[in-house]
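S.K.: Please put together the full structure from these sequences, using the hints given.
Chains as they are written, first to last, in my numbering: chain X, 10 to 323; chain H, 6 to 352.
Don't take every hint at face value.
Only part of the chain H face toward chain X is listed, based on derived beta-carbon distances under 8 Å [claimed, not checked]: (1) 55; (2) 73; (3) 88; (4) 107; (5) 111; (6) 155; (7) 158.
Just so you have them, the derived chain H footprint on chain X, three or more residues with Cβ under 8 Å [unchecked claim]: (8) 214-226; (9) 232-244.
Think of the hints as simulated: they come from the structure by calculation, not from any bench.
Backbone N, C-alpha and C define an ideal beta-carbon position, used for all residues, glycine too.
Here is how the chains run, residue by residue.
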Amino acid sequence: MTAVDAHKSLAKSLIDSPDTAADSAPPPRPERRPLAPYLLSLPALALFAVLLLVPLVMTGLLSLNSFGFYTGIQDVWQLGNYIDIVTDDYFHEIFLRTFRIAVVVTLLCAVLGAPEAYILRRMRSPWRGLCLLIVLGPLLISVVSRTLGWALLFGSTGIINTALMAVGLIATPIEFMYTETGVIIALTHVLVPFMVLSVWASLQRLDPQVENAALSLGAKPFTVLRRVVLPQVVPGILSGSIIVFALAASAFATPAIIGGRRLKVAATLAYDEFLNTLNWPLGAAIAMLLLLANIVIIVGCNRLVERRYKQVFE
Amino acid sequence: MPYLVLDRLTKRFGPWVAVDNMSLTVEKGELVSLLGPSGCGKTTTLQMIAGFLDPSAGRVTLDGADLLAKKPNERGLGIVFQSYALFPHMTAAENVAFGLEMRGIPRADRDRMVRDALQLVGLGAFGDRYPRRMSGGQQQRVALARAMVIKPSLLLLDEPLSNLDAKMREEMQIELRRIQRSVGTTMILVTHDQAEAMALSDRVVIMNKGRVEQVAAPQDAYDNPASAFVANFLGRTNLLQGTVRRDGAGRRIDVAGTAWPVAAEVPDGPGLLTVRPEKVRFVDGAGVPGLVRARVFQGTQWLFEIRTEAGDLTVIRQHDGQTLPAENEPVMLGWRAEDMRVMAGEA
Numbered sequence: 010m011t012a013v014d015a016h017k018s019l020a021k022s023l024i025d026s027p028d029t030a031a032d033s034a035p036p037p038r039p040e041r042r043p044l045a046p047y048l049l050s051l052p053a054l055a056l057f058a059v060l061l062l063v064p065l066v067m068t069g070l071l072s073l074n075s076f077g078f079y080t081g082i083q084d085v086w087q088l089g090n091y092i093d094i095v096t097d098d099y100f101h102e103i104f105l106r107t108f109r110i111a112v113v114v115t116l117l118c119a120v121l122g123a124p125e126a127y128i129l130r131r132m133r134s135p136w137r138g139l140c141l142l143i144v145l146g147p148l149l150i151s152v153v154s155r156t157l158g159w160a161l162l163f164g165s166t167g168i169i170n171t172a173l174m175a176v177g178l179i180a181t182p183i184e185f186m187y188t189e190t191g192v193i194i195a196l197t198h199v200l201v202p203f204m205v206l207s208v209w210a211s212l213q214r215l216d217p218q219v220e221n222a223a224l225s226l227g228a229k230p231f232t233v234l235r236r237v238v239l240p241q242v243v244p245g246i247l248s249g250s251i252i253v254f255a256l257a258a259s260a261f262a263t264p265a266i267i268g269g270r271r272l273k274v275a276a277t278l279a280y281d282e283f284l285n286t287l288n289w290p291l292g293a294a295i296a297m298l299l300l301l302a303n304i305v306i307i308v309g310c311n312r313l314v315e316r317r318y319k320q321v322f323e
Numbered sequence: 006m007p008y009l010v011l012d013r014l015t016k017r018f019g020p021w022v023a024v025d026n027m028s029l030t031v032e033k034g035e036l037v038s039l040l041g042p043s044g045c046g047k048t049t050t051l052q053m054i055a056g057f058l059d060p061s062a063g064r065v066t067l068d069g070a071d072l073l074a075k076k077p078n079e080r081g082l083g084i085v086f087q088s089y090a091l092f093p094h095m096t097a098a099e100n101v102a103f104g105l106e107m108r109g110i111p112r113a114d115r116d117r118m119v120r121d122a123l124q125l126v127g128l129g130a131f132g133d134r135y136p137r138r139m140s141g142g143q144q145q146r147v148a149l150a151r152a153m154v155i156k157p158s159l160l161l162l163d164e165p166l167s168n169l170d171a172k173m174r175e176e177m178q179i180e181l182r183r184i185q186r187s188v189g190t191t192m193i194l195v196t197h198d199q200a201e202a203m204a205l206s207d208r209v210v211i212m213n214k215g216r217v218e219q220v221a222a223p224q225d226a227y228d229n230p231a232s233a234f235v236a237n238f239l240g241r242t243n244l245l246q247g248t249v250r251r252d253g254a255g256r257r258i259d260v261a262g263t264a265w266p267v268a269a270e271v272p273d274g275p276g277l278l279t280v281r282p283e284k285v286r287f288v289d290g291a292g293v294p295g296l297v298r299a300r301v302f303q304g305t306q307w308l309f310e311i312r313t314e315a316g317d318l319t320v321i322r323q324h325d326g327q328t329l330p331a332e333n334e335p336v337m338l339g340w341r342a343e344d345m346r347v348m349a350g351e352a
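M.R.: See below:
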């Protein structure tokens, strides 16, 4: 269960504001500041700086350079790349598609994952572990083989279409490959476990007697779910949604294989700019914008839901 | 006609019998406690009445109607849980209003009833608070108000006071008794705390290992325990090994060289004499000889640990100025024949 525990703490740290971290730190001693905590966090800080901060700053700087087909990357500082992206409908479409896919995947994961977690929790001992393993399954398979598996299922002569046509439900194959539908299905499949684990963690904190209390007061089972259980697992759904949204919006391998060249998303677009067009500054600007948009959307939604369900977040 | 009837109620979990053939009748307006150590089946019984557990056998009727045929959300019972089980995302008033809402009571009536219910438990000013911002005692009162406001035909209380500190518990006992008197709801209280059961109940049901040991008014059960288990569980008691025999004067029990008359029908052979610590006195004349091993001052009373030939005895004497033996002093112990009970001992 270490994966679950690690995830719990991840989900918690995502929803908890920084002040809880400050609470758990030892009170500062005025006479002598202990050095050990700083020294102990040094390796982690160094790793963080070298592997995340430095490349991020370099990408940010790169995005300000200019690029010409005959001149290559010019060492000048300007906002031309950003202006290009903001004013060009081509980029608008790709960014919109990226976030449309991410939103739909997040909603699907919430709709599928939250009930799944609830049902899993109510299962009995041997089945519960088994079903949890099946839910976590997609995470255990390499992204390439998982996505190529979907490609086999999705193709116009793939298993799904062949089966549906054999049964006679459809006359012509459904287009899954190189469509948003295909990308959404494949992404939902791999991201649902994050939602299940996150909701699971918040269900663990639920007093089992609370459901009985609502029943005894005359609530029908569905009312109990809607009025009593659901509001209390909102934090879990929210932290799951943040993880799923962030991963879906920045997903690369799945849209690259299922969506292909025809259906670009922000991540594959940046990749193409880097490796095909060789316009590194533009690719860097796309990556920076994707990061920025992701942060704005996630933080904004987080605030909104936290305010709405203030009482459950304490 | 009895109000609530449990008829040979049984619950088995696999090979383990949690509640064994339990029968009980409760009159309307009565407060009956199910009392016993943990694992005696008292909570299981409550859960079966509430409908959260299905009995393996037996029947439950409430006011003549079969209760087991109804789903838990149709039984109309009020339940106060050990953990209170308040809805953390609702205010105290919203918690109390939930049951009324489920019954489709119009907004205006609902608000008035919620206000009255919170007033009844002394929380009139706390309607807007969330449970997290309330003390244990206050949460407990909200749970009580929430269960009472729907005017339940029966109120089930599952260890309602066990999460409170001693002082608060005493306060809530008085409060609960007052509310029960003023509203007249029939209540079943599950507790492992004998003092709580005795303070609150009209009758106590003492349970052990899934079986009913005794059903009696608290004072009756205390004075006339039906078994050694009851005697031991309800307050402190002294158990002395002796021998029952019959002679010309009637049945007697020999304990540590003294003979006591036995009124009960007890077979000859090994017997068990029980006598409450506060009923044992230090006497001048003949009695059970002993030695004071320890004495402890407890404010209103002294507690003595006395070693005798028949075993160790606990003696409680009021702190009222009388001279009491010191430690390591030899004493003679005696009690009135009507203060002791004799049971057949294990051979």
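S.K.: Next, verify each hint and record whether it holds.
M.R.: Here is how each hint holds up against the structure:
no., hint, verdict
1, 55, "holds (6 Å)"
2, 73, "violated (15 Å)"
3, 88, "holds (5 Å)"
4, 107, "holds (4 Å)"
5, 111, "violated (16 Å)"
6, 155, "holds (6 Å)"
7, 158, "violated (12 Å)"
8, 214-226, "holds (count 9)"
9, 232-244, "holds (count 5)"
The structure is inconsistent with the numbered hints 2, 5, 7, although it conforms to all the rest.
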